[in-house]
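> Chain residues, written in single-letter form:
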Amino acid sequence: MRFLETFFNGQVILNYLPDLVHAMGVTLGLAAATIVTGILCGAALACLRVAGLKVVNFFIIVFADIMRALPPLVLIMILFFGMSSLGLNLSGWTVIYIVLSLVLAAFSEEIFWGGLTSIPAGQWEAGRATGLSRAQTLFHITFPQAARRGIPPLVNRVLATTKLTALGSVIGVKEILSVSSSAQSFSGSATPLTMAAIAYLIIFIPAVILSHWIERRYHFAT
Amino acid sequence: MDTFIQTFFNIDIMMQAFPLLMKGAVMTLKLCAVVILCGLTGGLMLALAALSPRRFLRWSAIGFIDLFRALPPLVLLVFVYSGLPFAGIRLAPFWAVVIAFFLNNSAYFAEVFRAGINAVPKGQTEAARATGLSGPQTLIHVVLPQAIRNVLPDLLSNTVEVVKLTSLASVVSLSELLYNANMARSVTYNSSPLVLAAGMYLVLLWPLVRVVSRYQRGLSSSH
Amino acid sequence: ETPGEIAPIKEGGYSVALDGTFAPHAFPSLDGTIQGFNVDLAAAIGKKLGVPVKVTAAQFSGLIPALQAGTYDFLVAPTTVTEERAQNLLFTEGFMDTNFRFVVPKGSDEAKYTSLEDFKGKTIAVNKGSVYERFLEGKADEMGWKVVSFGTNTDAIQAVTSGRADANMAGATVSAWAVKKNPQIELSYEYPTGLVWGLPFRKDDAATRNLVDSVLECLKTDGTMAALSEKWFSVTPAKGSTLITPTPGYGTPGFDGYDPTEHEITCKF
Amino acid sequence: MLEIAGLEKSFGEVQVLKSIDLKVQEGELVFVIGPSGSGKSTMLRCCNRLEEPTSGSIFIDGQRITDIPHRDLDRMRLKVGMVFQGFNLYPQMSVLKNVMLAQVKALKRSKAEAEARALEMLDQVGLKHKAGAMPAELSGGQQQRVAIARALALDPQVMLFDEPTSALDPELVGSVLKVMKGLREKGMTMLVVSHEMQFAREAADRVVFMDQGYVAEQGTPEEIFGAPKSERLKTFLSRVSHGDVEAEAD
Amino acid sequence: MLEIAGLEKSFGEVQVLKSIDLKVQEGELVFVIGPSGSGKSTMLRCCNRLEEPTSGSIFIDGQRITDIPHRDLDRMRLKVGMVFQGFNLYPQMSVLKNVMLAQVKALKRSKAEAEARALEMLDQVGLKHKAGAMPAELSGGQQQRVAIARALALDPQVMLFDEPTSALDPELVGSVLKVMKGLREKGMTMLVVSHEMQFAREAADRVVFMDQGYVAEQGTPEEIFGAPKSERLKTFLSRVSHGDVEAEAD
Ligand SMILES: Nc1ncnc2c1ncn2[C@@H]1O[C@H](COP(=O)(O)OP(=O)(O)OP(=O)(O)O)[C@@H](O)[C@H]1O
Ligand SMILES: Nc1ncnc2c1ncn2[C@@H]1O[C@H](COP(=O)(O)OP(=O)(O)OP(=O)(O)O)[C@@H](O)[C@H]1O
Ligand SMILES: [Mg+2]
Ligand SMILES: [Mg+2]
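Chains as they are written, first to last, in the working numbering: chain A, 35 to 256; chain B, 846 to 1068; chain C, 24 to 292; chain D, 44 to 293; chain E, 44 to 293.
Note that these hints are calculated values from the structure, not bench results.
Among the hints, a few may not be true.
Quick look at which bits of chain C chain B covers, simulated, 3 or more residues with Cβ under 8 Å [to be verified]:
#, region
1, 39 to 51
2, 72 to 84
3, 88 to 99
4, 178 to 191
5, 199 to 212
The beta-carbon is built from N, C-alpha and C at its ideal position, and this holds for glycine as well.
Produce the complete structure using the sequences and hints provided.
Structure representation (structure tokens):
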């Protein structure tokens, strides 16, 4: 029964539960802010790309490439320490929020753009032929379709990116993983790790179920 | 500005750290090779199970996928490495990483494959079955090639993520690229090794990322 | 288990682990091998026992679960003995004192501080999950300082050099090393704690703990510890300091898991 | 009502339309037939500038639309209703929303007004009861009728049809043609690309035969079907009407 | 050659086929017509067990295929060639590979043998020169002929066609019908669901009219088209031939 004592020590659970509940709040807040910002920025960039301005598109592509290829930890370090040696002090929370939003924006831009390019030309033409402007056609007709096509990969990305909030532990953001590894070290017990796992499940299992629902809800026959 | 360059772009320190980082990069590559292969295979199997007409199989697969997409890979890794010994299974660090990432990645890859297979018209399967191809033959020769083409960008995106994820392996003492960069950083009290590591990741991943975008452009022009 | 029981020496030797980013106790050389006081300490233990001791470096989050799982026989990371930890782990006697020391930017006013009170209102960077974090957090209301914690002490020091924090607090040896290696910072006030660093074992493995405890006693008396201290800290230990003074019984007195059984100090195992 | 004068259109090197002249009077139903690749769709698409003509002019209701600046295109397009072979209903919106969208966004009608008009048009194509359905739940013929209602709801002055029935099962064709006949009786001006010869015979005022980017022959249905002059038209007609005689040119 | 006896098929509660009896003699070309939803496709799909019949028997060449165990289905299906409305060529393979795949994987022919046979069949449908092309590069008519070649290459004893021309542009229909005519002359047994009445008149040995899951009427083309007995058939024929008269039943 050393297993139980190691991973489910009641005393340790009681000691660190309040901290961990608080950390869940931080993780949730961070994740929610990241999702909203990341997806909105990604959508905006994809739409901007539709305009077909060469220079703008070049920068969007470079942005998306770099954000997707770089490990976010490196971005976090540079933004957190590098910016403050340039005199700009961002809080740990803000840095994580900015970096993860940028990463999610890069991925979702690519997903939305992929979706947009797969919309049949006829949909654009139908919109334009009924006197809708380009922007109106994009906004009301093609983008909603692209977004729906993008839901499964987007859900994957959103889950993966929000779990990266765990990187907050590196720069002192008191999210779940940070608090649980502190607790692990303070207590000399592995139990806080179990608590972290459960905390993540409590947050993400409903998220996954919600995503299934969204997928079904917005699936339409074409 | 000067401190900024000193802390992040110190060429001398980068040169010193380079051999250590190269070692890490080799470990990262080794891990990736195994982990990606396992993830892809596992993901495919899971996707097939999740699309199976058999209820039990289908629901088990979906449950598996959802569970492991919800668990952070770090936690998973520690559990595999330190939890399994309680069940009498002691794994070498390398294999612990492989198993933990297999569980995590195959769940993600499964979702990608599932979307791809769903997008292949039913008529393709029917045409193949009508010409006497067996179920597995139909899958291998007709459905999968199309499914993979449908979701190639997502597959590659996911692969990029997996490469980045291997940096967790240091938890179980596998010194991969990022951990070695951190070690170098702790010796030199300077962040340049980290920037160098970032550069190496870029070299490793940029081609992959480019291929994704190129492929998407290809798709759009064929529409 | 019977008090005072000493385990036989393990045939194939011992597997031990530490966090490899903790200079001067354990840190990499740029060719990838791990070095430092605690690495040498592990080797010295092995030498006395006449069996190999395999040292693995890993991220801290993985150490304790792996110890509990039996992957490692014990940890050689310098671990401050605290009451809470002693409830989940067994400790050897302290192998050295651990005082806390502030590190501040070179030439700053903080360099001249001489008490905790002087740091009132400052931002102090610290390694997450360390006893220093605990300590600072515990006194935060009283002292009115702000604590920011980081994944590693290296990051915490970088927070000082990049101006994100006014000071860093760590173990005295660690701080001294950092200052030696890093021209941007200097040492400040050292706070005597009365706490010690010990080596953690599984709760149910008292016999091995007792064995290693006796080895430590031997190393303290035969001059090995003093030599290591000179090598890594450039400090000759003062008479009566824990580094060269064996503690009676097994474990750290006053903490859970202490076994007061009296025994001879010997170097024969 | 609709006048095309000297219209030319090239895609890169390839000239697809080589000087087209064509007039459609108010209330007239003009049929365009011709082999695949002869430029029928391209000509139609030039009429609301979905394609930019290379040269030549197009007038709608006396207004020259070929030199309207881009920012005014949307307004011009409202005057021209267009129905495509592929229906192109918006799959994510209900039938009613499909018909309302451009009314609200482009014509700036109020929602209530747009809805009333949409229901009226859906009624006209016999699909009022399907207003709440999603496009995927409709048969092809029903989808095409919704597409027609969508165009009509904007009160266009001309309707352009590009093979409106060619993606439909034979049984479903009738309902679409019936709607078109109804429009004709109401005096709508229509330019129709289609291979429904039977329908052309019955309903068209004039039939235009296009070949290789030219208007090769035109006249009343009787003239075109009864007494084709050019060899090319004769071959074409025989191919289309008895689908069985000749192999497609590969 | 093909015999259907008492075939019934339900999807859940809905009975789609209600006792079908039908015989196709060796070398005969039988046409199946009938309104949408009458069960034509379902009947065809039962003949190679793409759908599982609910009850009744189907015999091919004297062998009862309705009780063949699942593991032997693949072998049975080789005897029945099937051509779909949607062609369903494999887009990722060249035309040649499309025709070779099942030969190699299901019939276990050698590659060389399969290739020779594939080229022969492509020649028969007039597309030998397109062997290296990808399906997307072909017109619909060409794609459908490749689909026919793909089925023929397996030397089936019966060919089933489900609306083989209904997704094609009118000009492209001819080439496919020509191939089918060629097959008939070679003595292939064929069961064809199609609305190409003209072709049925010329080529069919027998025409079967299905309605609401029954075979409602059958006979020679002259009988069916010239002297339809049931009201339902009369209405159906008038609808299909003059696409303009009646609205589709919604
Ligand atoms: N966007 C384009 N770019 C290049 N070539 C084009 C484009 N659109 C059409 N074409 C070419 O212009 C020619 C005329 O095409 P168009 O679609 O107008 O013919 P059509 O008479 O409508 O034929 P169909 O009956 O097959 O629809 C064809 O050769 C076609 O390949
Ligand atoms: N897989 C299925 N599940 C449930 N109902 C089905 C299924 N397949 C066909 N049906 C129903 O069975 C009936 C007959 O369909 P079937 O496709 O055989 O008709 P059909 O005569 O081929 O019509 P069409 O000319 O439109 O192809 C229809 O009402 C259809 O909705
Ligand atoms: Mg056209
Ligand atoms: Mg059918």
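> All hints are to be evaluated individually against the structure, with a verdict given for each.
Results of checking the hints against the structure:
no.: 1; hint: 39 to 51; verdict: holds (count 7)
no.: 2; hint: 72 to 84; verdict: holds (count 5)
no.: 3; hint: 88 to 99; verdict: holds (count 6)
no.: 4; hint: 178 to 191; verdict: holds (count 4)
no.: 5; hint: 199 to 212; verdict: holds (count 3)
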